[in-house]
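Novice: Taken in order, these protein sequences are the chains called E, S, Z and D. Mapping the first sequence onto numbering that gives the first Met the number 0, position 232 (from 1) lands on 231, and the numbers just tick up by one. Mapping the second sequence onto numbering that gives the first Met the number 0, position 180 (from 1) lands on 179, and the numbers just tick up by one. Mapping the third sequence onto numbering that gives the first Met the number 0, position 146 (from 1) lands on 145, and the numbers just tick up by one. Mapping the fourth sequence onto numbering that gives the first Met the number 0, position 54 (from 1) lands on 53, and the numbers just tick up by one.
Take the hints with a grain of salt, since some may be wrong.
[To be verified] On the chain E side, residues computed to face chain S include the following (Cβ under 7 Å):
{"id": "1", "residue": "13"}
{"id": "2", "residue": "40"}
{"id": "3", "residue": "232"}
Because the hints were derived from the structure by calculation, they are not lab data. None of these values were measured; they are calculated from a predicted model. For each residue, glycine too, the CB sits at the ideal point set by N, CA and C.
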Amino acid sequence: MTMLQIENLRTEFETPRGTVTAVNGVDLHIDNGEIVGLVGESGSGKSVLAQSVMRLVEDPGEITADELLFKGEPLLEKSEAEMTTIRGNEISMVFQDPMNSLNPTITVGEQIAETVRLHQDIGESISLPAEMKRKIIGASKASESWRRAIEMLESVQIPHPESRATDYPHEFSGGMRQRAMIAIALSCEPDLLIADEPTTALDVTIQAQILEELHSILEVFDTSILLITHDLAVVAETCDRVNVMYAGEMVERATTRELFSNPQHPYTQALLASTPQVETAVEELEPIPGTVPEPIDIPYACHFAPRCPEAKEECFEVDPAFRRVGSEDHEAACIRRDPVDGEVIENE
Amino acid sequence: MSETDMTDVGVEGTDRNSNEDPLLQADGLKKYFDQSDGMLDRLLGPASKVKAVDGVDFELGRQETVAVVGESGCGKSTLGKTLLNLHDPTGGEVRLDGTEIGGLSDKEMLPYRKEIQMIFQDPLASLNPRQTVGDIIKAPLEVHGIGEDDAERTERVRSLLDRVGLSPDYLERYPHQFSGGQQQRIGIARALALEPRVLIADEPVSALDVSVQAQILNLLNTFQEEFGLSILFITHDLSVVRYIADRVLVMYLGEIVEAAPVDELFENPKHPYTQSLLSSVPRIDPKERSDRITLRGVVPSPMDPPSGCRFHTRCPVVIPPDEWPGTEEAFRFAFRFRNQLLSGEIDVENIETHLEATTGRVTTESVADEVIADAYPGSPENLPGEKRDAIESAALALAKGNDEEAASIVTEAFPSPCERRMPTEHRHASDHAVRCHRLDPSAPGEPRRIGADDA
Amino acid sequence: MKKYIAKRVLNALFVVWLVATVVFFGLRAIPGGPVRTMLGAEATEEAVNRMRAELGLDQPLYVQYVEWMIDLMTFDLGQSLTSGEQISVMMASAVPRTLSIALIGVVVGLGIALPTGIISATRKGQRSDYVATVAAFLGLSMPAFFIGILLALVFGVWWGVLPIVGYAPLQEDGIVEWFRRILLPGISVGVPYAAVVMRMTRSSLLEVLDAEYMRTAKAKGVGRTTRLYKHAMQNALIPVVTVAGIQIALVLVGSVTVELVFGIQGIGRLLVDAILDRNYPVTQAVILLVASIMVFMNLSVDIIYTFLDPRIRYGDEAS
Amino acid sequence: MSNDHTTAGRSDSDALDPDERERIARRYRDESPVESTENRGVYRRIRDQILSDKKAIFGATMVLLFVFTAMFAPMIAPYEQDETFGINQEPNSYSEGDYTGNGEIDRVWHVLGTDSFGHDLFTRIVFGARISLLVALTTVAFAFTVGTAIGLIAGYYGGLIDELLMRYVDFQWAFPSIILAAGLIAFLGGLGVTNVVIAIGVAFIDDFARLVRGEVLSIREEEYVLAARAIGTSDRRIMTKEILPNAVAPIIVQMTLMIPLAIIAEAALSFLGLGVKPTTPTWGLLLAEGRQYINQAWWISVFPGLAIMVVVLAFNMFGDSLRDAFDVKQSEVSEK
């Protein structure tokens with residue numbers, strides 16, 4: 000079954016300098032129990048895409064889409080109140096910076112317990128006075144939600160969860176904070192977890208632990224995961240399928256194995272060629288010339304054309320449609336690629 | 000100057016027989032930071048010190064690129080700044096081409112700054128937002144009185160911009176008008192304006208996207224050849240190290256634990272920390288993946304680093320003492336128990352509330368059992384008898400609130416040579432040095448088992 | 000946290016000592032000496048010397064200093080030069096008046112500032128924000144004594160519902176009369192205070208509402224009101240408390256001028272009269288008192304911090 | 000493994016060479032991406048932002064009007080500042096008498112009425128602007144000069160100097176500005192403009208010192224200052240070229256916000272009778288006088304009060320817009 004189905008999603012911001020099209024007609028789909036990777040450099044729009052799914056984009060952001068279906072239901076047609084019941088419950092999110100993403104004045108345990116109370120019918124009041132009382136004098140350690148919070152901390156491998164739950168975020172180390180974030184996100188056993196650069200701010204040894212954590216989540220909670228990162232190796236190790244984004248557009252998608260063994264889009268190829276790797280001593284890296292364009296009114300068709308070694312004049316004029324370029328649903332949006340079986344997928 | 004308990008054999012350059020002096024050399028370099036803040040703090044208690052860099056030796060040869068890797072907080076960045084006298088070294092020596100420059104005042108240091116320059120992690124933050132690119136690159140020329148007049152200096156700036164791949168017409172622009180990669184090029188142009196012989200690069204590409212990162216790395220490679228630069232490259236990113244470095248130093252808690260040529264280090268890492276660091280790096284190619292060595296335990300505070308080998312509290316292959324009666328694995332479990340107890344990670348109160356909630360009754364014995372279940376991986380059954388007793392009595396002492404007694408029981412029962420003595424430097428090969436008791440040359444033939452009495 | 004509070008208390012004591020010392024030496028450093036200035040140029044040498052002896056000014060400086068410190072610790076502030084009254088007695092009558100005004104001022108100020116600040120921040124850019132912002136600007140631009148005069152004019156002179164002169168002690172005249180007399184002065188000092196605190200509340204809350212953890216709360220599905228009060232408020236209040244504490248100074252300064260408007264014999268009047276009469280013992284006593292109140296306020300702010308900011312409560316200020 | 004892929008796909012024979020690609024890319028944009036971001040530096044942006052802010056325009060206009068009034072007071076005021084007419088005349092009333100001394104009865108219009116000495120209120124208020132402006136500018140200039148110097152040195156060098164400064168600032172913090180000023184007046188022993196300027200000026204030093212020290216402390220930690228040290232820049236050059244230019248914005252904002260505070264402080268001191276000499280025309284003294292006649296002549300206190308309010312409001316609004324334009328935080332500068 001399809002967990003998330005996105006077609007032609009656009010997120011635009013009206014600014015004095017012009018319209019910023021952060022996400023420009025993107026398709027994406029995630030099946031049940033999959034870890035799907037979304038790779039891109041800064042400015043590719045990957046974080047905005049994630050926030051658009053949760054409808055967390057702040058003013059003046061405008062989201063439009065032909066389809067934004069979550070478990071078959073259109074998210075864009077939900078009211079804000081309906082979204083509130085979905086967020087943190089059915090779809091939840093982990094952010095890049097675990098220090099600033101946790102509230103410094105609320106204990107970690109309470110930040111988890113709160114989510115449980117909000118979305119699960121455990122008979123604890125979530126009225127404002129009740130919540131304020133919990134905040135000021137602390138939540139009852141005997142309550143169901145607190146018990147669940149401790150279980151969650153335990154399941155993300157935080158030692159001594161009972162006492163750790165009463166700590167404030169600043170008393171946690173970076174890796175533990177990110178685990179706490181994951182605990183919050185998983186506390187209601189969401190169907191979809193969106194992890195936006197969850198390991199970027201962490202050391203490699205901690206990153207390894209967190210990525211392992213994500214894998215075990217998949218097994219224990221049966222949650223689909225959208226993993227957003229700029230790190231190709233992280234995707235390669237973690238994900239089932241990969242989507243590559245560049246300057247607001249999706250350029251290539253395939254299963255992880257297929258994508259890394261047979262990258263087709265010139266951007267994906269160039270990205271791989273410019274990435275240094277630990278396992279092999281490379282003599283020369285091939286950087287991509289130029290810089291990522293600012294996503295303001297980009298006038299040419301293929302956004303990668305000005306930096307593309309294979310560009311020809313047509314590339315600036317013709318919108319590149321997705322085409323099958325290999326096995327296992329491998330598709331790329333590049334007019335310089337001959338489609339396999341002549342199959343071109345129109346995206347308009 | 001170097002510490003008495005350390006060998007004075009430095010980790011040497013690529014070619015030990017070379018008759019040339021290394022260009023930049025550090026001996027027992029130390030930098031401690033005073034944590035107290037103001038008079039009142041000093042009144043209220045003794046100052047605590049962060050030992051950011053604690054006795055580092057290394058050499059940087061001519062036209063060599065040496066990378067310093069380590070996780071955040073290991074002191075690698077402080078090392079770079081201390082070499083440049085941007086921090087006053089607390090101890091040790093720094094020699095530039097044989098001349099001692101450690102601890103020179105800003106004035107005394109001035110002539111040497113022409114020789115040794117730095118580029119920074121955050122390209123935008125390292126450029127003054129109120130100055131034009133021209134002003135920024137011209138500043139070193141002005142400070143060192145290079146060039147006859149302003150026109151000549153401007154001409155030099157234009158050619159520098161051109162060399163780092165920026166249009167000379169960008170002279171009048173402000174830093175925020177450039178992309179991250181272009182900003183880093185400006186930073187490089189500034190550093191190269193003085194035509195230095197040594198460049199200290201502190202995470203120069205960490206803030207950049209991969210495609211741009213490769214541009215900068217290639218630029219540095221080109222300049223190394225053109226100017227004959229020696230580069231000290233500080234980074235946390237092992238893949239970048241593999242690409243750029245000739246030699247690698249691995250840092251942990253202010254000390255260098257392993258030093259080797261780049262391919263040697265990546266293919267044949269010796270120190271358990273290096274091994275676990277390398278195993279943690281994600282890989283694109285599935286064939287290259289190996290089993291991860293996950294580190295347990297918390298990173299100790301640099302204010303109070305562990306005795307002996309600083310890595311012993313987290314080391315997956317910590318050494319049992321000679322007289323240890325059981326298996327190595329059993330020892331490691333016991334040692335882990337010990338370290339958790341000593342670092343205060345075992346929270347008795349918490350265990351009591353947990354017992355109260357689950358079973359309803361709390362006795363010292365039940366708490367002690369729970370302490371063991373909590374902090375001892377597996378069961379202490381396979382420990383030799385007296386050692387098992389030690390675990391049990393320590394747990395009991397802890398349950399009774401006698402923390403100190405518990406601590407002395409476990410320290411007594413589970414000593415390790417690793418905590419007693421600082422590992423000396425062992426040369427695995429002429430250019431591969433490791434500080435680990437497991438590879439200690441003083442136990443020939445049987446490097447995996449070293450007696451405690453040789454401490 | 001203990002260390003933090005110990006540090007703050009020590010610092011406060013140090014500042015009070017410093018103020019006392021500076022006042023002591025400042026007084027003696029007055030060009031020509033205080034007695035000569037007090038008695039005027041025509042006074043005879045004999046009269047001056049007699050006065051100096053009376054005040055103990057003929058003793059060696061260190062003896063005077065030690066005595067002054069001992070007097071302070073025993074709350075013996077000396078006598079007024081003009082009336083001969085014990086200064087501590089004068090203070091005992093003046094302080095409750097000023098504190099009553101200040102109390103009403105702070106209550107009124109916070110009562111206005113916090114709700115408007117919150118409304119203004121949560122409805123940024125809307126009409127209510129606009130009105131509140133303009134009102135805050137007006138409040139910021141009117142000195143307390145002008146507000147006092149306007150209020151006296153409207154409620155006392157034109158409307159005649161409230162008295163505009165004098166004070167009624169709480170114990171003697173009861174709470175109603177006390178309140179009737181203290182209300183207008185209180186509002187006068189409260190309005191500028193409200194304006195400052197409101198602006199800080201607004202900007203601080205706006206900043207917090209933009210924080211990443213607020214996005215986390217939204218992503219968790221926390222409703223709008225709970226987000227505001229449970230997640231944002233405590234963080235937003237940290238800088239507000241600083242401003243609200245420091246700006247007690249504004250209320251005290253306001254009281255000094257407003258006492259003149261409403262003919263109340265508070266410490267402001269005491270100070271002004273003392274300065275004009277060159278009544279040095281009273282001047283120094285009042286200055287010392289005000290400084291001590293301020294130091295105490297700052298200390299209170301520091302202690303309130305420990306409740307608001309867990310980073311201080313659990314002892315690592317540095318991070 | 001990745002290197003093989005760059006040449007995958009089509010052969011490069013019909014691909015554009017890089018120069019040509021750049022040429023085509025340029026056709027699609029009017030300027031290079033770098034040029035499209037604001038090119039003219041911060042000052043133009045700030046000017047534009049201020050010009051688009053109604054609050055700023057109002058503030059600036061009123062400030063200019065105030066300065067103009069103060070400068071040309073003798074020309075704007077209808078009468079001499081010490082001329083006396085009928086006492087406590089209502090606004091929009093007339094005094095009749097021989098004021099020119101030519102033996103004829105003159106009919107004199109008082110747009111805002113007269114005070115208890117018979118001075119024309121409008122005339123007094125116009126002349127009062129001079130004292131306000133004078134005191135405001137000199138006190139802020141004084142406090143700025145001394146405070147910035149102290150803050151810069153303490154912030155940059157730290158250590159003992161800083162420790163001493165901070166104790167001094169703590170000390171001054173214990174005094175509400177007017178109380179400190181009143182204490183200084185008592186110390187200086189006399190009324191008059193000079194003493195008022197010294198008293199208020201000293202009382203404001205700590206605001207600048209604290210602000211500048213705070214700015215220096217944070218700017219000193221910036222990487223570009225480290226970079227300047229790495230090339231061997233001297234302390235003096237670092238302070239003047241690297242640190243101060245980056246602290247200018249909050250300092251300017253603080254100055255514009257201190258001016259109205261100085262105006263209020265002067266008015267308050269005069270109101271208390273601790274300011275300028277009683278015959279001088281100032282807004283504070285008029286208010287104090289009006290207080291006594293509040294039952295008979297409301298206008299004596301209301302109009303000078305409004306004058307203070309309008310001028311202070313103007314400076315506050317202008318300063319606030321500057322702060323927005325410079326993007327300075329509310330908590331960075333102090334307003335009390």
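Novice: Does residue 13(E) hold up as a contact with chain S if the rule is Cβ-Cβ below 7 Å?
Specialist: With a closest approach of 22 Å, the residue 13(E) hint is violated.
Novice: Classify the hint on residue 40(E) as holds or violated, based on whether any CB of chain S lies nearer than 7 Å to its CB.
Specialist: holds, 4 Å
Novice: Next item in the hint list is residue 232(E). Is there a CB on chain S closer than 7 Å to its CB?
Specialist: Holds, about 4 Å.
Hint check: a violation occurs at hint 1 only; the rest are consistent with the structure.
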